[in-house]
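A.B. asks: Make a model of the complete structure from these sequences and hints.
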Amino acid sequence: MDIALIAQMAAAAVLAAVIYTVIGIVPGTDETAVLVPITLVLVLTGVQPVVVLAFFISAVVANNLMDSIPAAVAGIPGGVMTSPLVDHALALKKHGLANLSIRKMAAGSFLGVLVSVPVSLLLAKSLIPFASAIKEYANPLFLAGAVLLSLMSKNRWLALASILPFSLLIEGLRYLYWGTGAVPKDTTVSISFFLGITIGPVILTLFELLNRDKRESLKRFEAKKIVLKNNSYERKQLNPFHVMDKREWATGMLASVIGCFTFILSPVGVTTFLGELFASRIKDPVKKASVAIVGMNGLANATYISGALIPLIALGIPLSPVAIGPANALFNAPPVFTLKHNMHHILSGGDFVWATIIGAGIGIVITYFIAIKYAQPICAFVFKKVPHEAILGLFFGLVLLLAYMDAGWMNVFGVLLIGIISGTLHRWGVNYGIMFMTLYSAPWLVTLFH
Numbered sequence: 001m002d003i004a005l006i007a008q009m010a011a012a013a014v015l016a017a018v019i020y021t022v023i024g025i026v027p028g029t030d031e032t033a034v035l036v037p038i039t040l041v042l043v044l045t046g047v048q049p050v051v052v053l054a055f056f057i058s059a060v061v062a063n064n065l066m067d068s069i070p071a072a073v074a075g076i077p078g079g080v081m082t083s084p085l086v087d088h089a090l091a092l093k094k095h096g097l098a099n100l101s102i103r104k105m106a107a108g109s110f111l112g113v114l115v116s117v118p119v120s121l122l123l124a125k126s127l128i129p130f131a132s133a134i135k136e137y138a139n140p141l142f143l144a145g146a147v148l149l150s151l152m153s154k155n156r157w158l159a160l161a162s163i164l165p166f167s168l169l170i171e172g173l174r175y176l177y178w179g180t181g182a183v184p185k186d187t188t189v190s191i192s193f194f195l196g197i198t199i200g201p202v203i204l205t206l207f208e209l210l211n212r213d214k215r216e217s218l219k220r221f222e223a224k225k226i227v228l229k230n231n232s233y234e235r236k237q238l239n240p241f242h243v244m245d246k247r248e249w250a251t252g253m254l255a256s257v258i259g260c261f262t263f264i265l266s267p268v269g270v271t272t273f274l275g276e277l278f279a280s281r282i283k284d285p286v287k288k289a290s291v292a293i294v295g296m297n298g299l300a301n302a303t304y305i306s307g308a309l310i311p312l313i314a315l316g317i318p319l320s321p322v323a324i325g326p327a328n329a330l331f332n333a334p335p336v337f338t339l340k341h342n343m344h345h346i347l348s349g350g351d352f353v354w355a356t357i358i359g360a361g362i363g364i365v366i367t368y369f370i371a372i373k374y375a376q377p378i379c380a381f382v383f384k385k386v387p388h389e390a391i392l393g394l395f396f397g398l399v400l401l402l403a404y405m406d407a408g409w410m411n412v413f414g415v416l417l418i419g420i421i422s423g424t425l426h427r428w429g430v431n432y433g434i435m436f437m438t439l440y441s442a443p444w445l446v447t448l449f450h
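By the UniProt record's numbering, the letter at position 198 of the sequence shown is numbered 198, and the numbering carries on one by one without gaps.
Treat the hints as calculated values from the structure; they're not laboratory data. Honestly, I wouldn't trust all of these hints.
The calculated SDA-like cross-link candidates involving lysine to any residue, where the alpha carbons are at most 25 Å apart (straight line), are [what the hints assert, rightly or not]:
#1 Lys283 to Gly96
#2 Lys340 to Thr447
#3 Lys94 to Pro377
#4 Lys94 to Trp249
#5 Lys214 to Leu416
#6 Lys373 to His95
#7 Lys373 to Ala10
#8 Lys340 to Thr187
#9 Lys287 to Asp245
#10 Lys373 to Asp87
#11 Lys185 to Pro140
#12 Lys287 to Ala10
#13 Lys135 to Phe449
#14 Lys94 to Phe449
#15 Lys94 to Lys287
#16 Lys214 to Trp428
#17 Lys246 to Val286
#18 Lys385 to Glu222
#19 Lys288 to Glu222
#20 Lys246 to Val365
#21 Lys287 to Met253
C.D. replies: Shown next, in the form of structure tokens:
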């Protein structure tokens with residue numbers, strides 16, 4: 001591989017680690033909403049695919065580690081993936097061990113990366129002989145994925161009932177665009193619909209604020225007081241294996257390996273289930289919380305890295321919740337990538353290995369050091385100076401811009417409509433994975449009723 005290209009990958013990985021160190025600490029951000037837009041912009045601006053992949057892997061690692069920090073410091077989930085961590089982080093904080101919680105989180109993330117990179121690459125290689133058979137049934141598999149995720153969700157009947165109506169909405173808008181000439185008939189609007197689903201809860205909330213009665217009925221809260229304590233730092237804390245005992249190390253490794261094999265399942269569901277399972281028989285509250293935190297942080301990286309890499313390398317179609325969500329721009333970003341021409345078809349096996357190792361290695365080294373030494377001052381800065389609303393506003397504006405680029409003003413309002421519907425469904429308990437799978441299966445599903 002060319003030295004200049006390796007340098008570009010390293011620079012992209014460093015940039016991703018820096019950006020997502022800040023974004024990850026912002027409380028309440030959704031992983032898909034913050035990963036997709038920036039990755040998509042890089043793809044559409046013509047950045048080399050192998051460089052984009054290194055950026056994405058580093059971003060995943062950095063975001064997954066740093067969005068766990070607010071849970072340790074203030075008991076606030078940084079993102080969806082850290083919601084299962086909050087109770088365990090609060091248990092350690094209650095015993096005056098918030099600093100220990102941060103170190104356990106960082107060590108668990110390090111372990112997850114260390115395990116998931118080689119396991120994911122080997123699993124992907126082992127699936128390549130079956131790729132043609134799997135891709136032949138891609139459309140039914142997308143629908144099956146939507147049904148499976150629906151059955152695994154809490155509101156399963158609502159989720160199942162929403163699949164066909166949501167498909168009709170997607171296809172109805174596409175046929176409207178073709179009929180009015182908004183886009184040529186050989187162009188299928190997809191990526192802006194995907195982004196509309198991603199940012200649906202934000203769009204729904206903004207429309208609700210236009211309703212005076214709803215706006216006036218909203219609860220008002222006083223400013224939340226968060227106390228940050230200065231904690232001492234020792235050089236030996238930089239060794240992740242010094243932070244974990246043997247049981248935590250073994251639990252983290254085993255959980256990460258299992259997480260790689262369950263790449264087709266929901267990352268949050270797997271993280272919650274396995275994290276709680278491994279800690280369930282431990283009586284001591286501090287020990288229980290420590291084991292759970294290490295396991296869950298390892299699982300967060302393992303499920304994301306395997307969920308992105310395995311479908312990308314072996315199949316070229318996004319047949320996992322991570323691939324169809326946060327990693328979607330690596331598979332489908334017209335006109336640069338389509339399901340028949342994306343990174344799977346462009347990059348060699350060596351390209352995937354180099355990009356993954358460089359992205360994961362740089363991402364974890366930078367964020368691990370920052371998390372151990374500077375987590376609390378960074379939290380203080382972000383909590384005071386970086387409003388959650390500012391981050392969401394930035395991505396909302398970017399979504400509208402990309403919607404306009406896809407199909408003009410009509411599509412801007414089409415994306416707003418999709419956002420209102422998807423935001424409502426998400427609030428009712430229909431998760432993103434179901435809607436993303438439905439988006440991909442909609443053309444095939446609708447034709448069954450012709």
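A.B. asks: Of the numbered hints stated previously, which ones are contradicted by the structure, given in increasing order?
C.D. replies: 12, 14, 19
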